[in-house]
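J.: What follows is each chain in one-letter form.
2 protein chains.
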Amino acid sequence: MTKRRIMLKVAYDGTAYCGYQIQPNGLSIEEVLNNTLSDFLKEEIKVIGASRTDAGVHSMGNVVVFDTLSKIPGEKFSFAINRFLPEDIVIRESKEVSEDFHPRKNKSFKLYRYRILNDTFNIPMYRNYSYHFYRKLDIENMKKAAGYLIGSHDFTSFCAVNTPVVDKVRNILEIDIKKENNFIDIYVKGEGFLYNMVRIIAGTLIEVGCGHYDALKVKNILEACDRNEAGPTAPARGLTLMEIKYR
Amino acid sequence: MTKRRIMLKVAYDGTAYCGYQIQPNGLSIEEVLNNTLSDFLKEEIKVIGASRTDAGVHSMGNVVVFDTLSKIPGEKFSFAINRFLPEDIVIRESKEVSEDFHPRKNKSFKLYRYRILNDTFNIPMYRNYSYHFYRKLDIENMKKAAGYLIGSHDFTSFCAVNTPVVDKVRNILEIDIKKENNFIDIYVKGEGFLYNMVRIIAGTLIEVGCGHYDALKVKNILEACDRNEAGPTAPARGLTLMEIKYR
Chain A
1 MTKRRIMLKV AYDGTAYCGY QIQPNGLSIE EVLNNTLSDF LKEEIKVIGA
51 SRTDAGVHSM GNVVVFDTLS KIPGEKFSFA INRFLPEDIV IRESKEVSED
101 FHPRKNKSFK LYRYRILNDT FNIPMYRNYS YHFYRKLDIE NMKKAAGYLI
151 GSHDFTSFCA VNTPVVDKVR NILEIDIKKE NNFIDIYVKG EGFLYNMVRI
201 IAGTLIEVGC GHYDALKVKN ILEACDRNEA GPTAPARGLT LMEIKYR
Chain B
1 MTKRRIMLKV AYDGTAYCGY QIQPNGLSIE EVLNNTLSDF LKEEIKVIGA
51 SRTDAGVHSM GNVVVFDTLS KIPGEKFSFA INRFLPEDIV IRESKEVSED
101 FHPRKNKSFK LYRYRILNDT FNIPMYRNYS YHFYRKLDIE NMKKAAGYLI
151 GSHDFTSFCA VNTPVVDKVR NILEIDIKKE NNFIDIYVKG EGFLYNMVRI
201 IAGTLIEVGC GHYDALKVKN ILEACDRNEA GPTAPARGLT LMEIKYR
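One line per chain: the protein sequences are A and B, in this order.
Residue 122 in full-length UniProt numbering sits at position 122 of the first sequence, with consecutive numbering throughout.
Residue 115 in full-length UniProt numbering sits at position 115 of the second sequence, with consecutive numbering throughout.
Don't read these hints as lab results, they were simulated from the structure.
Even for Gly, the Cβ is constructed at its ideal location relative to N, Cα and C.
Be aware that one or more of the hints could be misleading.
Said to hold, decoys possible - Okay, the calculated beta carbon distance ranges per label pair:
(1) A:106 to B:214: 44 to 52 Å
(2) A:183 to B:95: 36 to 44 Å
(3) B:80 to A:43: 51 to 59 Å
(4) B:42 to A:181: 31 to 39 Å
(5) A:39 to B:80: 47 to 55 Å
(6) B:80 to A:228: 32 to 40 Å
(7) A:86 to B:214: 36 to 44 Å
(8) B:179 to A:101: 33 to 41 Å
(9) A:181 to B:245: 35 to 43 Å
(10) A:164 to B:138: 53 to 61 Å
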């Protein structure tokens with residue numbers, strides 16, 4: 001019997017999880033998917049995920065694949081599996097893909113959103129889905145600073161220390177900063193990201209927005225190739241993986 | 001010593017509460033406010049609230065008042081009290097008001113929002129803050145139906161049965177239905193509401209939107225003065241008290 005490869009687009013509220021990837025202590029998205037799919041399909045299923053989001057980070061469409069002997073049509077999996085998943089994980093799309101499709105190896109771009117609630121007081125309904133920052137942010141300066149990050153650069157300054165990756169050159173295609181009511185959303189689109197990269201970019205742009213750094217400093221931070229030069233890592237709860245698109 | 005009356009605008013995520021009002025079984029917003037204020041001010045505080053929202057219903061600005069001997073400036077209470085409140089309750093404004101100001105007796109209008117996520121699948125981050133309804137809704141028909149509800153009417157058909165209130169005439173000032181991405185927001189503004197009124201209006205407009213009722217039926221439902229004629233009570237999680245404005 002030949003196995004088919006099924007792709008899922010998985011949305012999740014990361015609040016209750018230790019992240020996407022299986023960890024010895026704590027429940028991960030990957031573990032819930034493996035267990036739910038294995039129970040449902042009566043086969044041992046091991047999903048392969050595109051993005052290993054951190055604890056507390058959310059997703060509107062992380063991409064995972066798995067191989068199965070099941071004959072269920074690809075697009076029916078979402079309906080079938082959602083009935084058995086906890087309510088903070090939802091399959092928003094499913095389809096059959098070619099057996100050599102690999103969520104991390106196939107060329108793609110990812111779109112992340114970092115959401116800041118910029119107001120005197122927090123809003124309870126958004127407390128797990130945005131970072132409450134009460135000092136007023138100047139988004140024009142943030143946009144100017146973001147401009148220096150576009151393109152292909154060595155992002156060592158924007159990568160968590162002790163990351164085993166050697167090549168820290170990454171290509172940022174777009175950074176878009178939008179304000180709606182009291183929310184400031186930083187959208188970052190790229191082909192690949194280093195560990196904590198979007199959260200360090202957000203933390204650094206917040207330093208610019210509140211006047212701690214001038215916009216030009218971001219250019220210097222980038223050139224320094226030193227994590228200590230950049231701003232803090234903004235909290236996980238503000239980050240959502242919005243979309244992964246394959247070429 | 002004379003007491004001063006302080007007004008608070010209280011935002012809360014109603015998910016974990018049995019509602020605004022103190023209940024024998026379960027934790028209420030009112031109880032948390034009384035306990036937190038009493039502990040902080042070292043006086044016995046009993047708040048008076050404007051709206052007794054149900055279990056699971058949210059608020060962006062319910063209005064409460066309390067009397068205190070404290071000399072803290074009115075506008076400082078929000079900062080002081082927020083440090084002691086759980087993260088799902090936030091005071092977004094505080095000020096001193098005249099001692100005869102009463103949140104329920106003073107003339108006001110209230111604005112509610114009923115949020116529907118109208119998409120095939122739910123979005124985990126919105127699961128507690130919207131009602132997921134997967135069948136496609138025709139918002140033009142919903143708007144037409146809503147038109148019949150504007151103005152002063154006997155809303156018996158849109159009131160939970162066994163409500164002890166005798167006079168069921170209420171005045172709806174405005175119903176606005178907005179679609180943004182996959183969300184349909186029903187905004188209802190009125191001077192006062194009956195028990196479950198906004199949720200029954202939402203449940204009825206959803207019946208219109210998905211084609212179970214035609215728009216004109218809402219006029220007949222209103223005239224029937226019979227709760228059995230209207231649609232179901234839409235789930236609490238979709239409802240948020242957005243604002244209370246005093247004349």
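J.: Any hints this thing doesn't respect? Which numbers, in order?
T.: The structure breaks hints 2 and 9; every other hint is satisfied.
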